[in-house]
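Please work from the sequences and hints to get the whole structure.
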Amino acid sequence: MAVKVSMTVNGKAVSHEVEERTLLVNYIRETLGLTGTHVGCDTAQCGACTVHMDGKAIKSCNIVAMQAEGTKITTIEGVASADGTLHPMQQAFKEHHGLQCGFCTPGMIMSAIDLVKNFPNPTDTQIREQLEGNLCRCTGYHNIVKAIKAASADPKSAVIGG
Amino acid sequence: MYAFNYKKAQSVDEATKALAADGEAKLLAGGQSLIASMKLRLAQPSQLVDLGKVEALRYIKVAGSTVEIGAMTNHATVAASAEVKKAIPALAALAGDIGDRQVRNMGTIGGSVALNDPAADYPAACLGLGATIITTKRKIAADDFFLGMYETALEVGEIITGFSFPVPKRAAYMKFKNPASRFALVGVFVAETAQGPRVAVTGAGPGVFRVKDMEAALAKSFTPEAVAGIKVPADNLNSDLHAQADYRAHLITVMARRAVEKALQ
Chain A
1 MAVKVSMTVN GKAVSHEVEE RTLLVNYIRE TLGLTGTHVG CDTAQCGACT VHMDGKAIKS
61 CNIVAMQAEG TKITTIEGVA SADGTLHPMQ QAFKEHHGLQ CGFCTPGMIM SAIDLVKNFP
121 NPTDTQIREQ LEGNLCRCTG YHNIVKAIKA ASADPKSAVI GG
Chain B
1001 MYAFNYKKAQ SVDEATKALA ADGEAKLLAG GQSLIASMKL RLAQPSQLVD LGKVEALRYI
1061 KVAGSTVEIG AMTNHATVAA SAEVKKAIPA LAALAGDIGD RQVRNMGTIG GSVALNDPAA
1121 DYPAACLGLG ATIITTKRKI AADDFFLGMY ETALEVGEII TGFSFPVPKR AAYMKFKNPA
1181 SRFALVGVFV AETAQGPRVA VTGAGPGVFR VKDMEAALAK SFTPEAVAGI KVPADNLNSD
1241 LHAQADYRAH LITVMARRAV EKALQ
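Keeping their order, the protein sequence lines are chains A and B.
In this text, residue positions in the first sequence follow this note's numbering: the first is 1, and each later residue adds one.
In this text, residue positions in the second sequence follow this note's numbering: the first is 1001, and each later residue adds one.
These aren't lab readings, by the way, just hints derived from the structure by calculation.
You may find that some hints are simply not true.
Calculated lysine-lysine pairs in the BS3-like style (CA-CA distance at most 27 Å, straight line) [said to hold, decoys possible]:
1) A/Lys146 with B/Lys1039
2) A/Lys72 with B/Lys1053
3) A/Lys12 with B/Lys1053
4) A/Lys4 with B/Lys1008
5) A/Lys4 with B/Lys1053
6) A/Lys4 with B/Lys1177
7) B/Lys1026 with A/Lys56
Below is the structure:
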């Protein structure tokens, strides 16, 4: 069996026939070829698959693509400007060395943008609490927290395409 | 995940019909437990009937002495609601501490209560506040709703549409999290309601339950000291690699005392 799924991904309308059981993350990676969204644990714990659905961070390995029907999805490929200028959150991760191996980074950045949107001037404790859904197995949390804290000073860090 | 058919319901009626036509179909709310259990092949529905587009099930209304919440309202919405924070701050705080932020953006109150996971938070709020669960067929008191591990009073084809929470005089929820999964190893919801104090425990046993001894003690004196010496027997509590039954029993007393302290703040 197959169903037709349509949504907007990074501002572009997309539509495909998929199997009902296709996870959103597999649709994004395999059908759309946007491999910046990672599959870490595949059990909704690590957050490497975090994308935004209608402006809210969700774990794309824990929903089927059909649940995203008609929504606006933003992946890590959609956060930088068209001219390649990094998003303020990406820039902050670069400046503060908020990554080691980089595997968790796309999910961390997507989660961090949503975090700063909901907690405009987060304390270190708030950042650590609100990052509960993202794991870094290099355990590079200190610099990730530093990067998010630094980025939060710029209101643009909470906006995509702003 | 095994293959299944998918139906996006446009209304509760449509969902009811789809369930009636297929005995092996399951409702999909936010899917934060269901999709995970299907990936593990612990659940194998023939069809998912998705309530995601049924906007009529997303609402928060505070009317007089009750807070009404639609079944498809997600945890993040309840946690951020100024109305809920004002009427029952303990309920907003509980919603804001379920899972993680991404899960709270998808997971719903109706899905959580219908599943009745033994470590879920919302069942403790329902039982602790003496909520009413509203379905397509009837209104069910929380005391009659939770029957045991993953077991509820819901009949086949019956759909939760909303919840009615009476506003308590004061309430608080304290949970001792499993350090890895962050699920409640033990969570205790304490409320001083119009009908007297209520104490509901999640995570410790096969399902959420009340501690009548603590309620009686709190009725005499709503103070942390009143519950600090009350032990819950470990006989029917869970023992697993995360905690032995006697440790969970100990945590119930500690969390109950802390919840009363918090409720009084």
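For each hint, the structure was consulted:
1. A/Lys146 with B/Lys1039: Roughly 35 Å separates the two Cα atoms, so the pair is violated.
2. A/Lys72 with B/Lys1053: Given pair A/Lys72, B/Lys1053 holds - Cα atoms ~14 Å apart, limit 27 Å.
3. A/Lys12 with B/Lys1053: holds, 22 Å
4. A/Lys4 with B/Lys1008: Holds: A/Lys4 and B/Lys1008 sit about 12 Å apart, inside 27 Å.
5. A/Lys4 with B/Lys1053: holds, 16 Å
6. A/Lys4 with B/Lys1177: The given pair, whose Cα atoms are some 41 Å apart, is violated under the 27 Å limit.
7. B/Lys1026 with A/Lys56: This hinted pair holds, its Cα atoms lying about 26 Å apart.
Against the hints set out earlier in the document, violations occur for numbers 1, 6.
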